[in-house]
Amino acid sequence: MTAAASATQIVKPRQPGFIVWLGLIPFFLFAVLFLFLPSASLFIGSLTDNAGHFSLVHFYELFAAPDILNAYWLSISISAVTAIGGGIFGFLLAYSVTVGGLPKALRPALITFSGVASNFAGVPLAFAFVATVGRTGLVTALLKSVFGINIYNSGFNLYSFAGLSVTYMYFQFPLMVLIMAPALDGLRREWREAAENLGANSTQYWWKVGLPILLPSILGTMILLFGNAFGAYATAYALTGGALPIITIQIGAEIRGDVLHNVGLGYAMAFGMVIIMAISLIGYSMLQRMTERWIR
Amino acid sequence: MKRAFNLRYSLRRFPFWSWLWFILGALYFILPLYATLDFSLRMKRGVISLQAYSSAFSDPQFFQTFLFSNLMALATIFISLVLIVPTCYWIRLRVPAARRIVEFITLMPFVIPAIILVFGLIAIYGAPINIPFTSINLLAPLTESDLGTNLLLAAGYIVLAMPYMYRAVDTGLQAMNMRALTEAAQSLGANWFTIMIRVIFPNLRSALLSGALLTFAIVVGEVTISSFLNRPAFGPYLWLLGQHRSYEPAALAFFSFLLTWAAMGLIQLVSGGQGQVSGAH
Amino acid sequence: MTYLSISNVSKAFSNTPVVSDFNLEVDKGEFVSFLGPSGCGKTTTLRMIAGFELPTSGVIRLENEDITYKAPNQRNVGMVFQSYALFPNLTLAQNIGFGLDVRKTPKDMIQVRVNEMLALIHLEEFGKRYPHQLSGGQQQRVALARALAIRPRVLLLDEPLSALDAKIRVELRSEIRNIQQKLGITTIYVTHDQEEALSISDRVVVMGLGHIEQVGTPNEIYNYPKTEFVASFVGQLNLVPVAVLNASQGLVRIGSQTVQTQQISEKVGSDHPSLAVRPEELHLGHAEDANNLHGKVDTITYLGAIVRIRLDIDGHFVSMDLFNERKLALPKVGEPIEIHFPVHACWLL
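Protein chains in written order, with my numbering: chain D, 1 to 296; chain E, 1 to 281; chain Y, 1 to 349.
For the record, the hints were derived by calculation from the structure and aren't laboratory data.
Where hints are given, some of them may not hold.
Dumping the calculated DSS-like pairs for lysine-lysine here, alpha-carbon to alpha-carbon at most 27 Å [what the hints assert, rightly or not]:
1) K208/D to K128/Y
2) K327/Y to K296/Y
3) K208/D to K104/Y
4) K208/D to K44/E
Using the sequences and the hints, build the whole thing.
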């Protein structure tokens, strides 16, 4: 009783003061030690030349190395492709179980499954896709025996950009569904009814009201999808064994054994990634705030 | 005439496109799982059998790495909760100004994906830590000892799970009218520790369980950090297995899917809601 | 001349009847309210007129055209929703002009009409604002303007004022009525607030449990309720169990006291007859040519403009409402008291 009484005496209500922030120390300490310091060390390392002085040389090296630029470009491409493709189809899926008129029971099934699928990334996912559309995969065999189509002859290869994209969709679709389903819920039924009441047909409603309201959400989530794919490592490595030189694979190789013989450059590569991720996060936040303004 | 009107009206409302998307989606999601299952059952030539499973489970390495990952998951969950729940609580109660900063911190892991995080962790903790500008050694490289590396691994996991854990706890605290309960407890004479243990945590059960299950799924499936830190976790084991064998990895892949499904299903049960997501690895 | 007719309309949701055998004829320019408690089917009926629900049976005709199964976007009826339902991504001007825009009206004509509407609701300068920048009352006015902009044949309002503060409700309901009268537009207004319904309607449809209890002018509904439901839902009502002494003379007995009412017909209140009288019809004191009763004051409740006295009359409780005056001489609790009320003010249920 006394402890509580004296505790409330120390923290005066009028001026919360500096003391209350002390309660957050463990968290901040952890964040500093295991989040900020590692990031900072990469940051600083990238700006330190081999003699230990501040220098931008590594960034010059970065932009001068076609392999590295290519790796970035590849990563950005695959992230963009899976973000847009995943975004569109994910949106359609979310639409179908929310306002799309399907039986109500299908929605929890899709949502739960999306939760599972989005966590199913990494090594098991790669295995699953090998078993499906690998050279001796189930679907490959099926297409060959039933339809006579040999996808590998027609140029498809699981261990390629296309194959990795298809695999990435397995966690991109669900992410889009999980975020868009609640957003679609935010589309109040009355808006649709009001639009109909005023004479609009379905297309006019979606074009003038529905999609504009959802657009910040859709775009924001697509950006999230972009970041999601951009930072992915395990799935790509497990599937292609490093054959597809996306930037995360390159960095992984660098961590394993100084392939560049230039540690600072490795840090610069990592830092470049962080910049791109940060930009996408900012874009996402801005669009989130726009969404919140309309859908209370 | 009226029946015809009704029929036409309801036909017009048949959601053709919705069914199309849904069925395509279902196909896309289910085929790989089915293919994995199918492959995993065909180890014995010409017969459907569970041999791949028995072979996989009887590998002592499976047990070791699976156990290791589970223990790491428990440690991660425990430390996360101890770190995050009081912090989130304290912010809501006393330091609302800190909210923005902390939310920013919990968004950081999005900007620093696992591969970058482990890069940074090794960069700092792989070398001895001295007091700046001196050569007085504060900490030996963590990576040189098993305990140290495990600590690092746990830290990495905690960072990965942080956004989700924080959000689960935050939502839970919001739903439980935390301020009123705290004040009631205080008026009845409880100190902070008691409030935490006997008021806050018990009422957060479902949120904590959701967060814990999600963390569990993340940790057991994690590959990047654990392989770069060379720890005997389940993820790297699975990957290694995939290099040498074909049926057992499929069996374990399906097993890991079932595990994730169980964890997510439990979350749904416990939170009765939206489902959780953890993104790519 | 009947403008809107709803004939034998019923609606059931998976075998649960929600509206049963609804019949109503509305004249052009009339303001009709659907009044009833939650779940009585009033909103469902409104939505059937709008086309958002389809009747299970029955016909709805508007200007002699059968619109029962017509698509909602082709009926040209304007609806105002309880939650305003303004499109958040459009400005007020764009919201109001939405119906015209959808009909491909030329932009300059839309502009003229929008300005007209903004003037009608006294928000001329607000055209470029967005809904979230407005108060609830302002948003509802915009919703009204939006529905009126398309010159609908019928205006439908679904509890438009429920989400607003009491004072705004009172202001806005008169404004709605004024606009309706100015434009002469046929209007159906759904509400559970009897004061609202009584104060602004030409006629009131009282609904209970899916069917119509009574249709009439506000005066008829209040002063000549046809059923117990209507009598007790609209306004306050005292219901006192009585014993019938002489049916043809209309004499009944409360406890040990006799009350004179109108002639009692056979079928009324055969098992448990109750005497109905409104609290405001009771007055303090004794009067000739009126019913007089003795009782004891049980509680006195001060309601502001009204003082409500609860009396114990031979074991039965009766409430009376008195207008509050500064120097009102109130009896004390427990005091014996005499009250009177006119013979015509009570009836048997």
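Next on the checklist: Just to be careful, I want the Cα atoms of K208/D and K44/E compared with a cutoff of 27 Å; is the pair within it?
Outcome noted: 59 Å, violated
Next on the checklist: For a C-alpha distance cap of 27 Å, please report whether K208/D and K128/Y respect it.
Outcome noted: Holds: K208/D and K128/Y sit about 17 Å apart, inside 27 Å.
Next on the checklist: Against the 27 Å threshold, does the CA-CA distance of K208/D and K104/Y hold or violate the hint?
Outcome noted: Status holds; Cα separation ~13 Å.
Item to check | Pair hint K327/Y and K296/Y, alpha-carbon separation not exceeding 27 Å | outcome: Given pair K327/Y, K296/Y holds - Cα atoms ~22 Å apart, limit 27 Å.
In the structure shown, a violation is registered for the earlier hint numbered 4 alone.
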